[in-house]
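**Q** Chain by chain, the residues run as shown.
There are 4 protein chains.
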Amino acid sequence: MIIVLKPGVTREQVDQFSADLESRNGVKVNAWYGEHSTVLGLLGDTAAVDIESIQAQDMVESVKRVQEPYKKSNRKFHPDDTVIDLGNGSVLGGGKLAIIAGPCSVENESQIADIAADVKESGAAFLRGGAFKPRTSPYAFQGLRASGLELLRHARQKTGLPIVTEIMSPAHLVLFEDVDIIQVGARNMQNFELLKELGKCDKPILLKRGLANTIEELLMSAEYIMAAGNDQVILCERGIRTFETMTRNTLDISAVPILKKHSHLPVVVDPSHASGHSWLVEPLAMAAIAAGADGLIIEVHNDPPHALSDGAQSVTPDQFRRISARIGEVVGVFGKELSARTDR
Amino acid sequence: MIIVLKPGVTREQVDQFSADLESRNGVKVNAWYGEHSTVLGLLGDTAAVDIESIQAQDMVESVKRVQEPYKKSNRKFHPDDTVIDLGNGSVLGGGKLAIIAGPCSVENESQIADIAADVKESGAAFLRGGAFKPRTSPYAFQGLRASGLELLRHARQKTGLPIVTEIMSPAHLVLFEDVDIIQVGARNMQNFELLKELGKCDKPILLKRGLANTIEELLMSAEYIMAAGNDQVILCERGIRTFETMTRNTLDISAVPILKKHSHLPVVVDPSHASGHSWLVEPLAMAAIAAGADGLIIEVHNDPPHALSDGAQSVTPDQFRRISARIGEVVGVFGKELSARTDR
Amino acid sequence: MIIVLKPGVTREQVDQFSADLESRNGVKVNAWYGEHSTVLGLLGDTAAVDIESIQAQDMVESVKRVQEPYKKSNRKFHPDDTVIDLGNGSVLGGGKLAIIAGPCSVENESQIADIAADVKESGAAFLRGGAFKPRTSPYAFQGLRASGLELLRHARQKTGLPIVTEIMSPAHLVLFEDVDIIQVGARNMQNFELLKELGKCDKPILLKRGLANTIEELLMSAEYIMAAGNDQVILCERGIRTFETMTRNTLDISAVPILKKHSHLPVVVDPSHASGHSWLVEPLAMAAIAAGADGLIIEVHNDPPHALSDGAQSVTPDQFRRISARIGEVVGVFGKELSARTDR
Amino acid sequence: MIIVLKPGVTREQVDQFSADLESRNGVKVNAWYGEHSTVLGLLGDTAAVDIESIQAQDMVESVKRVQEPYKKSNRKFHPDDTVIDLGNGSVLGGGKLAIIAGPCSVENESQIADIAADVKESGAAFLRGGAFKPRTSPYAFQGLRASGLELLRHARQKTGLPIVTEIMSPAHLVLFEDVDIIQVGARNMQNFELLKELGKCDKPILLKRGLANTIEELLMSAEYIMAAGNDQVILCERGIRTFETMTRNTLDISAVPILKKHSHLPVVVDPSHASGHSWLVEPLAMAAIAAGADGLIIEVHNDPPHALSDGAQSVTPDQFRRISARIGEVVGVFGKELSARTDR
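Residue numbers (the numbering used here), protein chains in the order written: chain S, 1 to 344; chain X, 1 to 344; chain P, 1 to 344; chain H, 1 to 344.
Bound conformation, chain S alone:
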């Protein structure tokens, strides 16, 4: 961390400030005296140093972090890719490209069972489906909740596909014991109390980027889970909010190579939520693979116009079969292999 002091600060002030920084933060401070300004360099582990309390000092002109504030999720300290392997070919990371498919919401037994069978047949390695649904309006369908989880388990029993489903409160954790991957939605990316609880689980956590969160903040939220003891985190880019209105969100495709460079965690992309339009799912899925993604989350519904949520962005099982086939044709040229189920 580099601290630039304002002109006119005396040597005594610098010494006192340096001593204060050292005692409060357990770091070593080097002072470099220039003609017009003095620069302090903080050596040691500065991840926990509060940059704002330093900026609040009258004598400070500006502060710059040199070291990244995330450690456990940082590729510098863990060069090898984290691989999430749930068995029978359902693998995320390590050269595999996995498709996570299923409806936005679980609606009834036959809906989720039929879609699960269909997407497995077409090449999905994981089944997604929402039981607890975050909806902007309190008057909209809120999900089947506990009974939705039950229906997901039922679909897994029939198909073997591991389940990915969203949690909305630490109070519901007891219901998620039999879920394979727990998803944290975009609106809860900085629900830190939830992240801390998930850090105590021994299940993989699929963490979606918030609508207005930076890439660094996404990594810091992964860090919350990992600092609490859970190393199995999957990062998900699902679009950010911008001024553009033709898409529901703006897919930040650059986040994929940046996350892969700075972190060892698997990165998946959700082209359905990013665009909000089913016809955009295929081109954005292609772009995600080309940019280096380890997986895709694709919403599939057997009857989009009657879906209880997010119908506009769901593809039909037929469309999914074609998209999945295209993915199969393309992954090889980008050095990946499709995560394929071995229990079919």
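Accuracy of the hints is not assured; some may be wrong.
A pair counts as met if it fits within one copy or between any two copies, since identical chains are not told apart.
To be verified - Listed below are the simulated BS3-like cross-link pairs for lysine-lysine, each with C-alpha atoms no more than 30 Å apart in a straight line:
hint, residue 1, residue 2
1, K261, K6
2, K6, K260
3, K196, K336
4, K76, K6
5, K28, K6
6, K158, K6
7, K200, K6
8, K158, K196
9, K203, K64
10, K158, K28
11, K203, K72
12, K64, K76
13, K336, K6
14, K72, K158
15, K28, K203
16, K196, K76
17, K336, K76
18, K261, K158
19, K72, K6
Simulated from the structure, these hints should not be mistaken for lab results.
Place chains X, P and H on chain S using the hints.
**A** Just chains X, P and H now, kept in the frame of chain S:
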């Protein structure tokens, strides 16, 4: 709600779609046939109609909501201002301008007690202070938690000022029984499970706008609390995320008159978080009053450089006294009166 | 265009407003009377109807455009792809993928000539290079201007590569007579007087999307050029401004399939400006091809650290050769063929 | 300017790089060697140093500018406020609050003359009106152009009010010789060729902030005009683009105190364009004054529903009279005096 159909849709398709809409949503559908396109008008209560499932229909060109999707927070249905009156002059709304002041984090007994006494003396009607702190980094100070609430109660005992403090999880509600106003932070504005629980309380809820949330979404989150039974909601504009980097966030000053027009709930502004710089607190506070705000949240710390969080945006008790005095000089010209404590 | 009127508007008011709309806009107005509101449908060519003057009417609740406001750039009216063919294999559109490569700024004779020879050798079909440079600071290098154009012509003479270079003022048009493709930079996307002048040229115009412009506004700016008589427009996505700071801009990859769907014009992507980092050029170029782009603009500099502008995002000729080879390996799987020079 | 080098850079590399920086930029370089990294401090005038070419260096970790890159517009070097005084009480800056009022577009002789007389009567100190109109669509009304300027001069002759009107191309400068203040619109804020030409004029330039431009970029565009010789620049905040859709743009009210702190130039606010709604003009005008603005630009039209552009945001002469009266009641409490015409 107005639905524009694509060209070439037959009368039979229109009839079937209309019947479907009527039976699913309990509305009445009028069809108007034009030369090139057909337009459907939905009459009745469309707040719960899922706009996305309609957009998913192949025959639909576009959908437009005419009616606002919020009802309980809507001024149309409740023309009179909601007033939050906690006694002894601590009033929000109804022509009063209230100042909520205090440190970002509660740090120790003397800190919070001293600041409370200072800000009361200078004109604050409420005491704020964070016990549970949402921090981007898991390595940063997370607040004193339960013991911070204890220190706040102690400060209230000494000064009489009602306490405003943030909740981060429904699991903590039991600790907040003796808090006067519960705050929902920007990162939890769409933590819907938390909102539902707060809807069951009989305390006022101060709801902060999320960093990337629209004004309508803020009203929909208020609606969550109100639909669950709690009518005492205070709305807070605290800046949104934009490309501008000179301020921490961009204060959306237009949100103030828009919220006051569309809702009957009190509206407060947080110039400290909006700007991130203590020197901007005064001009932004002035702008907020001029735009029609019912209250201000101002961070005050007796030693900003050593604050455990957000020091850069905190003013000192001396600066606060001057700002508060300026507010007192200005409110009258905007038709408001300063909320003044009667127990001093 | 659909106009929703406020409740309580009388039939007489509707008749008068409709007659007014018809006489002012040359359209036909159909009125549909509902229980709570009246809806007007405007039939005919509404591209020139001023939506804002309608919104200003007291009796108007809201207005919705059904028809796209762009016509000449609209694929609906011109289903076939526009192809820009400058001969000898330098082709944009129609199943070809063209690479436009070269330095941000032309700096001297050997620099541009050497880079031109290098990029041609590696597979570029066009040479780019800036002679007039839009710089944020008046104190930064402003380009070699007229003599830069001269050096570009010299490089074309040696390599045969058609030249793409940016214009900044209609007053400079006389200097661009011998340029092959004239580029309009992001900051001038809505410099309408410049667009009108370019509409009178018989050269292809490469139009870059503005930093805060919507996809529809990009098409409307293309429409300015086309409405003035020039049908040869190439659209360029180069990143938009968002809150994310890890990249210079946020590449809006969704713009590629959306532009290809709504318009018949060729679409190119500039991964260099979008990201601002040379290491991101390759993954973003891959994503652009996968999303359906017709071309790529890549900054190449023989000595990035000493480039007079934008060095951080330039790749070296060696890096470019590798990226170009990767592009050659990948285009086939996306149904395209690399635009290859026949004069080598 | 502070340059942090990557770990492992040798002393020799540092020496060579430092020598290179000194010879290229005319600055002095101090090197401070730390345990893990080396930091270079550049002393002297770094305004023209190209930060990007430094970032392109392999050995560079990051670069931080300490000195602001703007000089002539910087309050540090010109502590006194710039005052624009056009005589007879039409004054911007120096404790005066001036209202610039008039229609979006000049439409005909009586329209502009009547509005001019009305707004003067109500307290405006300047007359605005568009003759050259930047419109998103080539099919929309483009302004009366030269004859619009003629009508503005006519209105000035009758009322004495100085004219503010927008220029769109350097080629039109010859027509603007008799204009009092030349406006640069938001879309042309970085039309650098235009700015350079305006720097050669001896007229005040009202420079509007671009939709996606930072406060620093606005100051850099002012710097273009000033570096070319024209010191009379007025800065205008008129809203930036964000995700919020309830307003046309988001008024960045914080820009007002920030511009006043960092620059000596007068700052005006345009609440009409910022909001896009006439009912928001008054509250936003109040907020602007409270935040420290030196002036307001308010669109006034005698018949908003039939305005040829931007009707929805125009107030009527009656509404303007009331707003102007409110402004008169409020300015005093913020230490300003209304700029009042002495020739009435």
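**Q** If a hint holds in the structure, say so; if it doesn't, say that too.
**A** Taking the hints in turn, this is what the structure says about them:
1. With identical chains, the CA atoms of K261 and K6 are at most 30 Å apart between copies only, with a shortest distance of 17 Å across copies and 35 Å within one.
2. Within a single copy, K6 and K260 get their C-alpha atoms only as close as 38 Å, which misses the 30 Å cut-off; across copies the closest is 21 Å, which meets it.
3. For the homomeric pair K196 and K336, neither the shortest alpha-carbon distance inside one copy (33 Å) nor that between copies (44 Å) is at most 30 Å.
4. Within a single copy, K76 and K6 get their C-alpha atoms only as close as 33 Å, which misses the 30 Å cut-off; across copies the closest is 14 Å, which meets it.
5. Taking CA atoms no more than 30 Å apart as the test, K28 paired with K6 passes in both settings, with 21 Å inside one copy and 19 Å between copies.
6. Proximity of K158 and K6 under a CA criterion of 30 Å is satisfied in neither setting, with 68 Å inside one chain copy and 40 Å between copies.
7. Taking the shortest alpha-carbon separations for K200 and K6, neither the intra-copy value of 45 Å nor the inter-copy value of 36 Å comes in at or below 30 Å.
8. For the homomeric pair K158 and K196, neither the shortest alpha-carbon distance inside one copy (33 Å) nor that between copies (35 Å) is at most 30 Å.
9. For the homomeric pair K203 and K64, neither the shortest alpha-carbon distance inside one copy (36 Å) nor that between copies (42 Å) is at most 30 Å.
10. Taking the shortest alpha-carbon separations for K158 and K28, neither the intra-copy value of 59 Å nor the inter-copy value of 42 Å comes in at or below 30 Å.
11. For the homomeric pair K203 and K72, the shortest alpha-carbon distance inside one copy (17 Å) is at most 30 Å, but the shortest distance between copies (40 Å) is not.
12. Both within a single protomer and between protomers do K64 and K76 lie at most 30 Å apart by alpha-carbon distance, with minima of 19 Å and 23 Å respectively.
13. Taking the shortest Cα distances, K336 and K6 never come within 30 Å of each other, neither inside one copy (52 Å) nor across copies (33 Å).
14. In the homo-oligomer, the alpha carbons of K72 and K158 never lie at most 30 Å apart, since the shortest distance is 37 Å inside one protomer and 45 Å across protomers.
15. In this assembly of identical chains, the alpha carbons of K28 and K203 never lie at most 30 Å apart, being 39 Å within a copy and 48 Å across copies at closest.
16. In this homomeric assembly, K196 and K76 come within 30 Å of each other (Cα to Cα) only inside a single copy, at 24 Å, whereas the closest approach across copies is 42 Å.
17. In this homomeric assembly, K336 and K76 come within 30 Å of each other (Cα to Cα) only inside a single copy, at 23 Å, whereas the closest approach across copies is 38 Å.
18. With identical chains, the CA atoms of K261 and K158 are never at most 30 Å apart, being 38 Å at best within one copy and 40 Å at best between copies.
19. When the C-alpha separation of K72 and K6 is checked against a cutoff of 30 Å, the pair qualifies only between copies, where the shortest distance is 21 Å, while the shortest distance within a copy is 35 Å.
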